[in-house]
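Participant: Could you put the whole structure together from the sequences, leaning on the hints where they help?
There are 2 protein chains.
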Amino acid sequence: MATKFASRRNIDFLINEVFDVASLNRFPYFEDHDEETFRMVIDTAMKISTDLMFPYFKDMDVQPPYWKEGKVYVHSAMVPFLEEMGQGGWIQAEKPYDIGGQQLPLTIKEIAYFLFGAANYSMNVYPMLTAGAANLIYEFGTQEMKDMYLEKMYAGKWQGTMALTEPDVGSSLGDITTIAEPTEHGYYMIKGKKIFISAGNSNVTENIVHLMLARLKDGPSGVPGISLFVVPEYRINEKGEMEYNDVACGGIEHKLGYKGSPICQLSMGEEKNCRGWLVGELGQGLAQMFKMMNEERINIGIGAVSKISGAYYAALEYAQQRKQGRKADQKDPTTPMVDLIEHADIKRMLLFQKAVMEGSLALAIQVSMYQDLMSVGEESEENGMLVDFLIPILKTYPSEMGILATSAAIQIHGGYGFCGDFPVEQYYRDIRIDPIHEGTTGIQGQDILGRKVSMNKGKAFELYISEIEKSINKAKDFPELIKPVGELERAVNLMKDLTAELLDKKAEISKETFLADSVLYLEFMSQIAIAWQWLEMMRVAINALKGPISDQDKAFYQGKVYSGRYFFDYELIKIDSLAIRLRSDDKVTVEITREYFED
Amino acid sequence: MATKFASRRNIDFLINEVFDVASLNRFPYFEDHDEETFRMVIDTAMKISTDLMFPYFKDMDVQPPYWKEGKVYVHSAMVPFLEEMGQGGWIQAEKPYDIGGQQLPLTIKEIAYFLFGAANYSMNVYPMLTAGAANLIYEFGTQEMKDMYLEKMYAGKWQGTMALTEPDVGSSLGDITTIAEPTEHGYYMIKGKKIFISAGNSNVTENIVHLMLARLKDGPSGVPGISLFVVPEYRINEKGEMEYNDVACGGIEHKLGYKGSPICQLSMGEEKNCRGWLVGELGQGLAQMFKMMNEERINIGIGAVSKISGAYYAALEYAQQRKQGRKADQKDPTTPMVDLIEHADIKRMLLFQKAVMEGSLALAIQVSMYQDLMSVGEESEENGMLVDFLIPILKTYPSEMGILATSAAIQIHGGYGFCGDFPVEQYYRDIRIDPIHEGTTGIQGQDILGRKVSMNKGKAFELYISEIEKSINKAKDFPELIKPVGELERAVNLMKDLTAELLDKKAEISKETFLADSVLYLEFMSQIAIAWQWLEMMRVAINALKGPISDQDKAFYQGKVYSGRYFFDYELIKIDSLAIRLRSDDKVTVEITREYFED
Numbered sequence: 005m006a007t008k009f010a011s012r013r014n015i016d017f018l019i020n021e022v023f024d025v026a027s028l029n030r031f032p033y034f035e036d037h038d039e040e041t042f043r044m045v046i047d048t049a050m051k052i053s054t055d056l057m058f059p060y061f062k063d064m065d066v067q068p069p070y071w072k073e074g075k076v077y078v079h080s081a082m083v084p085f086l087e088e089m090g091q092g093g094w095i096q097a098e099k100p101y102d103i104g105g106q107q108l109p110l111t112i113k114e115i116a117y118f119l120f121g122a123a124n125y126s127m128n129v130y131p132m133l134t135a136g137a138a139n140l141i142y143e144f145g146t147q148e149m150k151d152m153y154l155e156k157m158y159a160g161k162w163q164g165t166m167a168l169t170e171p172d173v174g175s176s177l178g179d180i181t182t183i184a185e186p187t188e189h190g191y192y193m194i195k196g197k198k199i200f201i202s203a204g205n206s207n208v209t210e211n212i213v214h215l216m217l218a219r220l221k222d223g224p225s226g227v228p229g230i231s232l233f234v235v236p237e238y239r240i241n242e243k244g245e246m247e248y249n250d251v252a253c254g255g256i257e258h259k260l261g262y263k264g265s266p267i268c269q270l271s272m273g274e275e276k277n278c279r280g281w282l283v284g285e286l287g288q289g290l291a292q293m294f295k296m297m298n299e300e301r302i303n304i305g306i307g308a309v310s311k312i313s314g315a316y317y318a319a320l321e322y323a324q325q326r327k328q329g330r331k332a333d334q335k336d337p338t339t340p341m342v343d344l345i346e347h348a349d350i351k352r353m354l355l356f357q358k359a360v361m362e363g364s365l366a367l368a369i370q371v372s373m374y375q376d377l378m379s380v381g382e383e384s385e386e387n388g389m390l391v392d393f394l395i396p397i398l399k400t401y402p403s404e405m406g407i408l409a410t411s412a413a414i415q416i417h418g419g420y421g422f423c424g425d426f427p428v429e430q431y432y433r434d435i436r437i438d439p440i441h442e443g444t445t446g447i448q449g450q451d452i453l454g455r456k457v458s459m460n461k462g463k464a465f466e467l468y469i470s471e472i473e474k475s476i477n478k479a480k481d482f483p484e485l486i487k488p489v490g491e492l493e494r495a496v497n498l499m500k501d502l503t504a505e506l507l508d509k510k511a512e513i514s515k516e517t518f519l520a521d522s523v524l525y526l527e528f529m530s531q532i533a534i535a536w537q538w539l540e541m542m543r544v545a546i547n548a549l550k551g552p553i554s555d556q557d558k559a560f561y562q563g564k565v566y567s568g569r570y571f572f573d574y575e576l577i578k579i580d581s582l583a584i585r586l587r588s589d590d591k592v593t594v595e596i597t598r599e600y601f602e603d
Numbered sequence: 005m006a007t008k009f010a011s012r013r014n015i016d017f018l019i020n021e022v023f024d025v026a027s028l029n030r031f032p033y034f035e036d037h038d039e040e041t042f043r044m045v046i047d048t049a050m051k052i053s054t055d056l057m058f059p060y061f062k063d064m065d066v067q068p069p070y071w072k073e074g075k076v077y078v079h080s081a082m083v084p085f086l087e088e089m090g091q092g093g094w095i096q097a098e099k100p101y102d103i104g105g106q107q108l109p110l111t112i113k114e115i116a117y118f119l120f121g122a123a124n125y126s127m128n129v130y131p132m133l134t135a136g137a138a139n140l141i142y143e144f145g146t147q148e149m150k151d152m153y154l155e156k157m158y159a160g161k162w163q164g165t166m167a168l169t170e171p172d173v174g175s176s177l178g179d180i181t182t183i184a185e186p187t188e189h190g191y192y193m194i195k196g197k198k199i200f201i202s203a204g205n206s207n208v209t210e211n212i213v214h215l216m217l218a219r220l221k222d223g224p225s226g227v228p229g230i231s232l233f234v235v236p237e238y239r240i241n242e243k244g245e246m247e248y249n250d251v252a253c254g255g256i257e258h259k260l261g262y263k264g265s266p267i268c269q270l271s272m273g274e275e276k277n278c279r280g281w282l283v284g285e286l287g288q289g290l291a292q293m294f295k296m297m298n299e300e301r302i303n304i305g306i307g308a309v310s311k312i313s314g315a316y317y318a319a320l321e322y323a324q325q326r327k328q329g330r331k332a333d334q335k336d337p338t339t340p341m342v343d344l345i346e347h348a349d350i351k352r353m354l355l356f357q358k359a360v361m362e363g364s365l366a367l368a369i370q371v372s373m374y375q376d377l378m379s380v381g382e383e384s385e386e387n388g389m390l391v392d393f394l395i396p397i398l399k400t401y402p403s404e405m406g407i408l409a410t411s412a413a414i415q416i417h418g419g420y421g422f423c424g425d426f427p428v429e430q431y432y433r434d435i436r437i438d439p440i441h442e443g444t445t446g447i448q449g450q451d452i453l454g455r456k457v458s459m460n461k462g463k464a465f466e467l468y469i470s471e472i473e474k475s476i477n478k479a480k481d482f483p484e485l486i487k488p489v490g491e492l493e494r495a496v497n498l499m500k501d502l503t504a505e506l507l508d509k510k511a512e513i514s515k516e517t518f519l520a521d522s523v524l525y526l527e528f529m530s531q532i533a534i535a536w537q538w539l540e541m542m543r544v545a546i547n548a549l550k551g552p553i554s555d556q557d558k559a560f561y562q563g564k565v566y567s568g569r570y571f572f573d574y575e576l577i578k579i580d581s582l583a584i585r586l587r588s589d590d591k592v593t594v595e596i597t598r599e600y601f602e603d
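Protein sequences, first through last, are from chains A and B. According to the working numbering, the first sequence is numbered sequentially starting from 5. According to the working numbering, the second sequence is numbered sequentially starting from 5.
It is possible that part of the hints are untrue.
One copy or two, either will do: identical chains are not told apart, so a pair holds if it fits within one copy or between any two.
Said to hold, decoys possible - For lysine-lysine, the following BS3-like pairs were computed, each having C-alpha atoms within a straight-line distance of at most 27 angstroms:
(1) Lys62 x Lys478
(2) Lys221 x Lys461
(3) Lys51 x Lys156
(4) Lys327 x Lys591
(5) Lys331 x Lys197
The set of hints was computed from the structure by calculation and includes no laboratory data. Since we're looking at a predicted model, the values are computed, not measured.
Facilitator: Written out as structure tokens, the structure is:
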């Protein structure tokens, strides 16, 4: 079994050397923080990950939650973990002091959650969801609601969920059918079914607080009819007692991965006694949900990176210890076998994982930094646009590439990788949900090509390009970076030209045709975004290599330079083939009709 | 649950229209066969698949074999299936009449096994392995051995295995340590351990016959020391009684997929009573094994195609029935939701699966046809070279692409794809072994770049190119094919140029550097091989569309044309990016040393 799931050294590199997160303390909201407080936060997160989470990684997979008579029984390791989450203030760490937060940059919180996810993603899902649900109440709820829910949720005693999906409604959220009927008492009667509700029931929390989308009875169809409600499993009655709120859990799904976290079927109002309270304004349900969606999508992206990290360190450790064969130039069978890591093809697969993982993590921190700046009012509009623009990339790239990265971790293990005695097959299973939940890859593709590139008359796209150009200009001071600088410049020009061509065609073709290859466009854009982050990391590493540094640091920075070279030479080049397709006029996927799939 | 796992129509198309397999009856060995006998064979295979295999697809995953006190207990559905395999003569169908075979073209047998694999790959593994083991005895064994083993094995009563892998030896077979010590009785005493032995123990067969690689005691190290032995679980003593042969099964692995087929740990000679009989000549073990390896690698390739087929039809069925959202140009929420298959991005994912699957199946039949021609002495040398050349492609392309193809099947299902109620997550797990067993993708890459392209002074490669050129010339008669013909011509030229460049550099660089990107070269070569097959299929389909045909046939042929267009426009283009990398002089994966992975 692997012993390492993430690199502390890399986190310090990103926080202090690449992004200088501590510089955020120039803003009053973050003024109490500095490198030292961040170090302590990350130390604690590492300790929680190591002590309370990673030891149960496999065990929670083998002993998943089970459903019995309406209750979901989860792994007992959840108890000390949720206690720690509550006591340590991890759920609301970025919130203001006055409501018990620590005014921590979201960037640092995200890094902590990255560690949690790498150690045990299934566990991490619980506080992540509570934080998301609490955020909706915090942002849109009444004071009464905040008083009723937030303290318990922040304490880890009440679990939060996001209850969107229904048996017949997944991506097409405008079609949900759960009904909310107004009453004269101020609350609504809720009736409907939800599925795939993560942490939707649990024996280790006192209550489950569902932030639920429902449709006003006799209201307008589609999106305008949808509102957001808080629908607790137990409501507090006038006497202050917990009273069952008719939210029944009818079962959980048996699923491919992240088995430690149950996804539940819920049935509201079977006994006509399910009450929901409107959060925010009527008809604003989806809009409110989407205001929070950016953070959720960042979480999914980081969750995917965390699994790639866990799988990478398992594969690295295996490759360092397992002997097999000889190097290609040495076939004498009397010489000893070499460690797997001596083989170029193994190093190629390790570099692939490392480059995808560290590049994506850097992008996640970049986006979180934009969020932090936005939240304190620093060029909020611009930073907000950059966040919006990059979200589909951050959500999708590690999710989709993670399938191949965790697959490479299996491949390095050979037959053992296929076996449950090694952790990599689990990461491979766990990560497969990420291209699906919180907006499928298809949805993300439509988002970037259909909305983001032309949003604010193209200003977000322009801002993004200028950010890359800043990095290119900084890198130009380093002769060692001539090659990647040239390649990224070429890629940016291709991105500009291709995007302009696509947008030019837009008026002449159907929306369906325009969006048909948007998933490929998203992949094209993602390669460039990750290359941008690698150029930044290479520049910082090359600069650091000029100073007097320890051998260990030298190895670390050299590793960065090699990984960047790998990314440019093996990954970024994929944009050329993608561009050929994206420029093609053969609209085969639009033109083929369903009967041609028959035989 | 899905109802279809493979297309009978497509099989008929390949057998009769593309490859004219019946033309093999011009050779005396196949003279009793024609389209009609093939039809009956495929009918029967389809019936077996449908009745005896597919119903247990999920059940064998949920109730996998278990180990108890040295014995492996497999699913009870294995009993009627193995009986059918034996009675129907499926294990030795391609062998001569005189030993109970049917002199069936291997091509037709492979198609039958494709159906078996699509219906239930785990079940299919058992007869496939018996056939492989029996082949080794048939090819290299003494008459006494043949008399002792073949009848029982062909009857499905004795299970065969290929016992190669050891706890410390996987890809590097020259390093195996299992020892064979000669005795004066003609047999050898065997001592050692094997792992990952598929079907290595079972409660439903009377005996297990291991075809095992072992090293002669005090013999030479490396490959020359390795010989092949038949090591049965029970040997027949002088009285004709079954006697335990000290082959102990110590357990089975818990694995990611194809759970219905156990992979066993074996321990030989713990009681110093394990006898093995030499098969063929001393020191020829690996060479003999590799003579049979082509067929095994074809089997793996076809096995991967079969899983892609099962997943594809499950996804297609789901996409035809599941409603979600509206087409991109229609956002009015009062209009009804459309079936998933109406969305271009869903059709793109279906076309991807279909193009990978049908293209790979065509290549499998192409290679099997070369094998059949070789086996009857028709340009044996040339056809043998074509088989050898194409094996790494046929083994690897569907195995590696199958990860993405089955992943696409999950993606089409959305959240449901992640759940055990639908079959696609199982195909995704099942297929992950294929890039590993019978020679990893890394081994296949080294094989094609390190051996196959320069084999026989490049003659195999030249022959292969001339085969593609024949197809291109035939396609030139069709104006509808101008575009793909041009693209394939361009691809072939790129392949020639790139390969020549790589071979030119070979003398100046280390073997390690030369082979470092051989996996990418294999992917490059594979795209072109599959495009070649698609050009053939498109030509036949376009020709058929000119005649008076039924609406159903028209839909089928149009589906072929669209799938071919998809392949050329979305897949073949990947060669451009691959070529950039393969031409690069940045040897980052060779140059990076292990300490740079440390931090």
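Participant: Which numbered hints turn out to be false for this structure?
Facilitator: 1, 2
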